[in-house]
Amino acid sequence: MTSSTADTTTMTGQGLEDEQRRPTRTPEFERRLAKRYRAERNFKRMGQGAIVFSIAVLVFLLGNMLINGIGGFQRAELAVPIDFAESGLIGDEVSLTAPSSATVLEIQGLPEIVDRYAERALGEAGAAQLSRDAWRDVVAALAEDPLLINGQRTFYLAASSDLAAGLAGEGSPQMQALADQLESQGLLASNWDLGFLSRSDATSPQQVGIWGALKGSLLTMAITLALAFPVGVLSALYLEEYAPKNRWTDLIEVSINNLAAVPSIIFGLLGLAVFLSVFPNYRSAPLIGGLTLALMTMPVIVISGRNAIKAVPPSIRDGALAVGASPIQVVFHHVLPLALPGILTGTIIGMARALGETAPLLMIGMRAFIATPPDSFTSPATVLPVQIFLWSDEIDRGFVERTSAAIIVLLLFLLVMNGLAIYLRNKFEKTW
Amino acid sequence: MTLIHEKIERDKNAKMIARDVTVYYGAKKAIDDVSIDISPDYVTAFIGPSGCGKSTFLRCFNRMNDTIPAAKVTGTIELEGEDIHGNAMDVVQLRARVGMVFQKPNPFPKSIYENIAYGPKIHGLGEKKADLDVIVERSLTRAGLWEEVKDRLDDSGTALSGGQQQRLCIARAIAVDPEVILMDEPASALDPIATAKIEELIDDLSGRYAIVIVTHSMQQAARVSQRTAFFHLGKMVEYGPTSDIFTNPIEERTKDYITGRYG
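Respectively, the protein sequence lines represent chains W and H. Residues 86 to 517 (my numbering) make up the first sequence, in order. Residues 7 to 269 (my numbering) make up the second sequence, in order.
For the record, the hints were derived by calculation from the structure and aren't laboratory data. Quick reminder that beta carbons are idealized off the backbone N, C-alpha and C, glycines included. Some hints could be false.
[As the list claims (entries may be wrong)] The calculated lysine-lysine pairs, modelled on PhoX-like cross-linking and capped at a C-alpha distance of 20 Å, are:
{"no.": "1", "chain 1": "H", "residue 1": "K203", "chain 2": "H", "residue 2": "K156"}
{"no.": "2", "chain 1": "W", "residue 1": "K515", "chain 2": "H", "residue 2": "K110"}
{"no.": "3", "chain 1": "H", "residue 1": "K135", "chain 2": "H", "residue 2": "K116"}
{"no.": "4", "chain 1": "H", "residue 1": "K241", "chain 2": "H", "residue 2": "K34"}
{"no.": "5", "chain 1": "H", "residue 1": "K78", "chain 2": "H", "residue 2": "K116"}
{"no.": "6", "chain 1": "H", "residue 1": "K78", "chain 2": "W", "residue 2": "K330"}
{"no.": "7", "chain 1": "W", "residue 1": "K512", "chain 2": "H", "residue 2": "K116"}
{"no.": "8", "chain 1": "H", "residue 1": "K135", "chain 2": "H", "residue 2": "K156"}
{"no.": "9", "chain 1": "H", "residue 1": "K241", "chain 2": "H", "residue 2": "K261"}
{"no.": "10", "chain 1": "W", "residue 1": "K395", "chain 2": "W", "residue 2": "K515"}
{"no.": "11", "chain 1": "H", "residue 1": "K116", "chain 2": "W", "residue 2": "K515"}
{"no.": "12", "chain 1": "H", "residue 1": "K35", "chain 2": "H", "residue 2": "K203"}
{"no.": "13", "chain 1": "H", "residue 1": "K18", "chain 2": "H", "residue 2": "K78"}
{"no.": "14", "chain 1": "H", "residue 1": "K134", "chain 2": "W", "residue 2": "K395"}
{"no.": "15", "chain 1": "H", "residue 1": "K78", "chain 2": "H", "residue 2": "K203"}
[To be verified] In silico negatives: residues of chain W with every beta carbon more than 10 Å from chain H:
{"no.": "16", "residue": "R110"}
{"no.": "17", "residue": "K120"}
{"no.": "18", "residue": "E209"}
{"no.": "19", "residue": "D403"}
Between the sequences and the hints, there should be enough to build the whole structure, so can you do that?
Listed below in structure tokens is the structure:
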């Protein structure tokens with residue numbers, strides 16, 4: 086009692102001086118406080134600056150791609166009216182829709198017929214600038230509508246790349262003049278080329294399409310996913326839930342982390358040495374490409390999977406064990422569902438990286454010129470990034486825009502995959 | 007050696023009998039030579055300062071220490087005469103017979119219904135939906151939660167308040183109809199009102215189940231238990247009827263703890 090009264094008296098007696106002497110009330114303190122706020126403001130500004138910079142770079146990149154790429158989705162086309170009834174071509178529904186219809190029609194002289202009608206409509210100089218493969222578009226139209234064989238239609242057929250350059254205001258003066266003349270007659274125009282999405286590689290930029298590479302990418306990704314996902318998730322589960330923690334599992338962990346950092350071209354060499362010596366006949370097949378990319382993707386899935394599994398609170402495991410769940414039930418009923426969003430996100434990021442990978446696929450021979458879309462996992466194929474690489478190497482001016490268009494397709498594909506990752510994460514995410 | 011009050015006799019009804027149980031964490035002895043009987047006739051409380059090993063000992067009864075690689079348990083623990091470490095006893099079966107409620111409420115991030123139905127489902131206790139419905143309602147009713155959640159059984163268990171979550175966990179434990187329920191500081195994360203509800207619930211459940219509760223609140227031990235064991239530094243110092251331990255402790259260390267000199 087006595088001591089506390091003494092305290093109170095000293096407090097009241099020296100109250101004012103105490104207040105002034107309090108370290109948080111001094112001008113020095115206020116200066117320090119202002120400095121602290123200033124530092125925070127500066128840090129915030131720097132962060133905003135970084136964001137603005139990265140957005141600007143992104144916008145520049147995408148804008149540039151888009152401006153170049155829009156031209157890639159268009160092509161210079163010549164208007165050619167063809168009267169099939171008069172041409173003497175014969176065919177019925179069965180023969181025109183059969184896969185061999187191109188050969189049958191070629192034997193019947195379709196290329197010459199197309200040239201003849203082109204000459205009639207465009208004149209000799211114009212007809213000479215019709216793309217050599219243009220008649221294949223006519224074959225496709227006939228396969229779509231066999232009754233056309235008795236009628237007539239005006240086709241918009243691809244012009245040669247020289248004429249296309251002329252239309253764009255480039256190339257030789259003669260071509261520019263011819264293009265101007267045909268354009269003023271309404272016979273030549275730059276049209277939206279939906280066929281770009283359904284054709285495959287070709288020698289002329291006027292005839293190329295992205296579908297072959299896109300399908301090759303899809304098949305390759307399917308193999309990669311089918312192999313890397315189960316192996317990666319099972320490895321992650323085993324390492325996290327069952328494996329004893331000792332020097333061997335430490336070694337495995339370090340190895341997996343290293344594997345994730347190995348340059349991709351090394352995986353290509355591995356694929357070349359291992360898979361192609363086992364399956365020498367499947368050079369440049371999606372099967373081999375997928376296996377090689379799976380090796381590359383697997384460590385990414387293992388690492389993200391382990392992190393996601395580690396993040397599942399131990400209390401959930403305890404709760405399940407305490408009601409009598411067996412370890413495998415704990416894993417499959419509780420741990421895996423809770424870890425799934427993280428595992429899926431990691432998987433899709435790994436897959437997106439694999440989708441954009443070029444170097445290892447060059448090593449295993451996926452850089453061949455493939456003019457037909459692959460129809461199985463073992464038929465020769467190319468993939469989007471390799472196709473972009475190959476086109477960017479072409480001399481013909483028309484390939485520049487086509488390359489940009491292919492890049493847009495690849496970026497859209499990546500965007501869809503990342504969107505899927507976000508969707509899946511939100512769908513499966515649970516709070517605890 | 008444990009000082010055991012004279013009033014404690016060998017219980018003929020004992021569900022679980024632990025003899026000379028010692029637990030090592032690596033080289034460290036966490037529990038040293040503890041023997042005790044657990045009976046459905048009364049609630050047993052383990053009290054003692056932090057780190058005295060009471061939770062570790064509790065986790066021996068349903069072999070939750072198996073999940074800690076460094077932990078090693080010696081001595082015998084029997085459930086109705088069967089050694090729980092023996093070949094005849096499966097750990098999954100043991101945990102179905104000896105339920106557990108943890109310090110922090112840990113409902114599964116699933117619906118309230120799924121939380122309760124999970125245990126019966128994996129043990130095949132309810133084949134049909136109707137059977138499960140009955141089990142869910144009965145368990146929630148016994149846990150005193152049915153009236154509060156009967157209209158939202160499909161809501162997530164994690165959306166409930168802390169006290170409700172803990173009662174959900176108790177309902178989850180009794181859904182598989184265990185013989186023993188182990189409670190590891192079940193109210194330490196809850197506010198006084200929720201705590202009172204849990205204590206009331208323990209009272210209701212005693213008799214039907216053999217209940218062991220670990221607590222660091224002496225008032226709680228005094229309120230809910232009929233037998234109290236005091237642990238200190240891995241040893242069971244004193245064991246006797248709760249009223250005697252609190253009013254008439256014999257050991258000096260127990261006295262010191264009860265009167266709040268340390269702990």
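Are the Cα positions of K135(H) and K156(H) separated by 20 Å at most?
Distance of about 16 Å is within 20 Å: holds.
Holds or violated: K116(H) and K515(W), Cα atoms, limit 20 Å.
9 Å, holds
Would the pair K241(H) and K261(H) pass a check requiring their Cα atoms to be no farther apart than 20 Å?
16 Å, holds
Quick one, are K78(H) and K116(H) close enough, alpha carbons at most 20 Å?
34 Å, violated
Between K18(H) and K78(H), is the straight-line Cα distance small enough, at 20 Å or below?
Violated. K18(H) to K78(H) sits at ~29 Å, over the 20 Å cutoff.
20 Å limit on alpha-carbon distance, applied to hinted pair K135(H) and K116(H):
17 Å, holds
Within a Cα-Cα threshold of 20 Å, do K35(H) and K203(H) meet the stated pairing?
36 Å, violated
Given the hint that K134(H) pairs with K395(W), does the C-alpha gap stay at or below 20 Å?
Since the Cα atoms of K134(H) and K395(W) sit roughly 35 Å apart, the hinted pair is violated (cutoff 20 Å).
Has the given pair, K395(W) with K515(W), been kept, meaning a C-alpha gap of at most 20 Å?
This hinted pair holds, its Cα atoms lying about 15 Å apart.
Just to be careful, I want the Cα atoms of K241(H) and K34(H) compared with a cutoff of 20 Å; is the pair within it?
Distance of about 13 Å is within 20 Å: holds.
Hey, is D403(W) genuinely clear of chain H, shortest beta carbon separation above 10 Å?
6 Å, violated
Classify the label on E209(W) as holds or violated, using whether its beta-carbon is more than 10 Å from each beta-carbon of chain H.
76 Å, holds
Hint compliance for this structure: hints 5, 12, 13, 14, 15, 19 are not met, and every other hint is.
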